[in-house]
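K.L.:
Below, each chain spelled out in residue letters.
2 protein chains.
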Amino acid sequence: MSDINHSSQQKRLKKRVFKKIDNDEWSIEELAQSIINGDRKALASGITLVESRANKHRKKAAQLIQLLLPNTGKSIRIGITGVPGAGKSTWIEAFGKKLVQEDHKIAVLAIDPSSSLSGGSILGDKTRMEELSHHQNVFIRPSPTAGTLGGVHRMTRETILLCEAASYDIILVETVGVGQSEVMVRGMVDFFLLLALTGGGDELQGMKKGIMELVDAIVINKADGDNKVRATKARNEYRQLLHYLQPATKGWQTKAITCSAIKGEGIVEIWELIERFIEEISESGVMEDRRKSQSLDWMKQMIHDRLFDEFMNIDGRKEELRRLKEGVIVGEVSPAEAVETLFTP
Amino acid sequence: MSDINHSSQQKRLKKRVFKKIDNDEWSIEELAQSIINGDRKALASGITLVESRANKHRKKAAQLIQLLLPNTGKSIRIGITGVPGAGKSTWIEAFGKKLVQEDHKIAVLAIDPSSSLSGGSILGDKTRMEELSHHQNVFIRPSPTAGTLGGVHRMTRETILLCEAASYDIILVETVGVGQSEVMVRGMVDFFLLLALTGGGDELQGMKKGIMELVDAIVINKADGDNKVRATKARNEYRQLLHYLQPATKGWQTKAITCSAIKGEGIVEIWELIERFIEEISESGVMEDRRKSQSLDWMKQMIHDRLFDEFMNIDGRKEELRRLKEGVIVGEVSPAEAVETLFTP
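Chains as they are written, first to last, in the numbering used here: chain F, 3 to 347; chain Z, 3 to 347.
One chain only, chain F, in its complex shape:
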C-alpha cells in the first residue's frame, strides 16, 4: 500500500466518520460507550473527531471527552524524544514488545508531523514497528498533520484521554523535537525520556538547549558491538553533567543509562526504572501535583489560543497584522503603537 493510497483511504474514513457524526446517526454517547468497550474503530473515529479543526466538531469533541473523563487518568504517560537516527522506532518496538508481554495495553502517539511514526509508512507494509503494530494490545496513531504545533499539542493531549478511556494503560508520546515540542511533551507526560546518540563531547554539544533539564532519563541507545565502549563513556559524561543540572522532577535525580534496543538489552531495566519513578512520585504527591498543574496549564493555553483565533478571524485582521509587523520590523511603528492600532475599532 503506497503512501498516497493510505492517505486517500484516511480521507475516506474521515469523511464517513464526520458524515455519521454530523447527521447525528452516531451519537456522542454511543461513540463514548464504544470507545470504553475497547472498539478500535470507535477509538480511531473519536481521535479523528478531536483532530478536526471545524467549529461544529470542537463542541462535540469536548462533549466526548467530558463523557470519557471518569475513565481517564489511569495510564502511565511516557514521553520519548531524540534526534532522527537515535533509533526511536527500534527502541519503541523493543520497549513495546516487553510491555505487551506483561499484558499491558499500549498506545503510541506522535506529537509532530516529522516523527518516525508519520508519513503514512506506519500503516504501510514497510512499517518501522512491524511486530508491534500488528499486536492486538497496541494502538499506533501518527501525528495529526494539520495545524500548528500548538494545535497538534492540543489534539495529542485529548488523544491520550481517549486512549486511556479505551483501557490503554501505557501511553507513549513520541517527538523528534521540532520547535517547542519537548516542552509540550513535558507538559503532558509523567515520565520523559531522551534517547541519545552514543559518542563523545561533540555529540553532547549538539543537544538541544535545555533538553537535559526537561527529561527524567537519558538513554544512550546502540550500546552494542564496537559502540559499547563509546556508549559507556557517553553515559559517564552525561552523569557528570547531570550532577550540575536541576532535575526535571522534584525528588528524582535524572538518570543516564545505556541500552541496546536492537539486542533487547537494558530494556527491562528502563521499565523497572519507570515503575520505580511512578511509585516514588506517587507516594511523594509530585505525581498528583504535576497532573493537576498540567491540566490547568492546558486549560490556560486553550483559552489563549481560542481568544487569539477569534481575534484573527475578523475580516482583514491578518492583513492588518502583517502590515503592522512589517512596520515594527523596519522600526517605523513601536510594538505598543501596533497593538493600539489593532485594538482600536
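For the record, the hints were derived by calculation from the structure and aren't laboratory data.
Quick caveat: nothing in here was measured; it's all calculated off a predicted structure.
A portion of the hints provided could be inaccurate.
Heads up, the list lumps identical chains together, so a pair's fine if it works in one copy or across two of them.
[To be verified] Taking lysine-lysine and the DSS-like style, the derived pairs with C-alpha atoms no more than 25 angstroms apart in a straight line are:
1. Lys62 - Lys327
2. Lys210 - Lys294
3. Lys327 - Lys252
4. Lys294 - Lys327
5. Lys302 - Lys252
6. Lys320 - Lys294
7. Lys257 - Lys210
8. Lys17 - Lys62
9. Lys61 - Lys327
10. Lys76 - Lys327
11. Lys22 - Lys43
With chain F fixed as given, assemble chain Z onto it according to the hints.
P.N.:
Leaving out everything else, chain Z in the frame of chain F:
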C-alpha cells in the same frame, strides 16, 4: 528619608504627573520633546505614564513611545541576573562607575519588585549604589511595584525605549530571577550576564534550571582574598560545563570569568568582552535579527495579554473561571469542556 516618606512622595509625584497629563496641560508632544532634551524629571514622568495600568494612559503611553521611536534603539542593552547575595549592587556600582568614566550615560532598571534596586532604599540615604546614584549621567529606576511579572516586563521594555530617547547609551536591566523573569530579560537585552557565587559543585547545583543556556557570560564575583582559589575553581567548572551546553547567542561561546567588584578587578575586562560581543554580533547580523524578533515577540505577547485582560474583564468571568478550575483540579470537568463553557454565551 524613610521608605514610607519616599513612597508617599512617589505617590504625590505620580498624582501631579497624571493630573497634568489627564487635563492636557502637558501634551504628549511636549513630554516627548523634554525627554529627548534630556530632562530627567520628564523622563521620570514618562516612565510613570508607561507604568500606569489605567486604560486612558495606555493610549497616551503608546503615543509617547511612537513619538520617541526614531530616537531609540541606539543603546547597548545589558541584562544582569544572580541570586541575592551574589553581589549585584556592588557589581553594578563598580561596572557603572567604569562606564561613566568613559563618558557613557547609563540607566539602571529592575524587572522585579524584589531586586536589589527595589523597596525604596535606592533613593534613601543608605542606597546600595550610593556613588553611582548621585552621578549626573546615571539614571536609576526601581521596578514598578504594581501588577504581575508580565506587566512589569512590558513596562520595563517601554522604559528602556524612554531611556534611550533621553540619550542613555547603556541600559542595565537587573533581575533576581523570580519566576520567568530571566526569560523576559533575555527577550529584551543584547547581552545577558549571570553573576554567580564562588564555590564548588554544590553551588552550581543550586543554579536555576536552564539559566546557563540563557546567558552570554557567567561572572564569578568575589574572586578576592581567601575566595580567589575557590572562584577560579568554580570558573573552570563552569567552563567545562558550558562546553556541553548550547550558547545563548548564535556564534558566541558563553564565557566564564572571575572578577572582584569590591576591589574593582576584572571589571574593565567584562566591559571589553561586551564590546567585543556587540561588535561580533553586529557584523554577523545576529544583533539585528535578535532585536527584530524581540520586537515581534513583544508585540505578540501584548496582543495575547490584551485579549486575556479584555476577556477577564467581563462581569462574573473571574468567578466562573475559578469555579471551572476547581472542577478541572478535582477531575470533574475536562479542560476542553471548561473552555467550551467559558466561551459559550
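K.L.:
Are the CA atoms of Lys62 and Lys327 at most 25 angstroms apart within a copy, between copies, both, or neither?
P.N.:
between (36 angstroms within a copy, 21 angstroms between copies)
K.L.:
At most 25 angstroms between alpha carbons: which applies to Lys61 and Lys327, within, between, both or neither?
P.N.:
between (33 angstroms within a copy, 19 angstroms between copies)
K.L.:
If the cutoff is 25 angstroms on CA atoms, where do Lys327 and Lys252 land: within, between, both or neither? Let me know, please.
P.N.:
between (41 angstroms within a copy, 24 angstroms between copies)
K.L.:
Please sort Lys17 with Lys62 into within, between, both or neither, judging by C-alpha distance up to 25 angstroms.
P.N.:
within (16 angstroms within a copy, 53 angstroms between copies)
K.L.:
Could you figure out if Lys210 and Lys294 sit no more than 25 angstroms apart (CA to CA) within one copy, between two copies, both or neither?
P.N.:
Between copies, since 23 angstroms is at most 25 angstroms while 28 angstroms is not.
K.L.:
What label fits Lys302 with Lys252 when the C-alpha limit is 25 angstroms: within, between, both, or neither?
P.N.:
For Lys302 and Lys252, only the intra-copy Cα distance (23 angstroms) is at most 25 angstroms; the inter-copy one is 32 angstroms.
K.L.:
From the Cα coordinates, with 25 angstroms as the cut-off, is the pair Lys76 and Lys327 best called within, between, both, or neither?
P.N.:
Between copies, since 21 angstroms is at most 25 angstroms while 45 angstroms is not.
K.L.:
Between the shortest in-copy and the shortest cross-copy C-alpha distance, which are at most 25 angstroms for Lys257 and Lys210: within, between, both, or neither?
P.N.:
Answer is both; intra-copy 18 angstroms and inter-copy 19 angstroms each pass.
K.L.:
For Lys294 and Lys327, with the copy left unspecified, which applies at a CA distance of at most 25 angstroms: within, between, both, or neither?
P.N.:
between (37 angstroms within a copy, 10 angstroms between copies)
K.L.:
Between the shortest in-copy and the shortest cross-copy C-alpha distance, which are at most 25 angstroms for Lys320 and Lys294: within, between, both, or neither?
P.N.:
Classified as between; 19 angstroms across copies, 35 angstroms inside a copy.
K.L.:
25 angstroms Cα cut-off: does Lys22 pair with Lys43 within a copy, between copies, both or neither?
P.N.:
within (13 angstroms within a copy, 69 angstroms between copies)
Violated hints for the displayed structure: none, as all numbered hints are satisfied.
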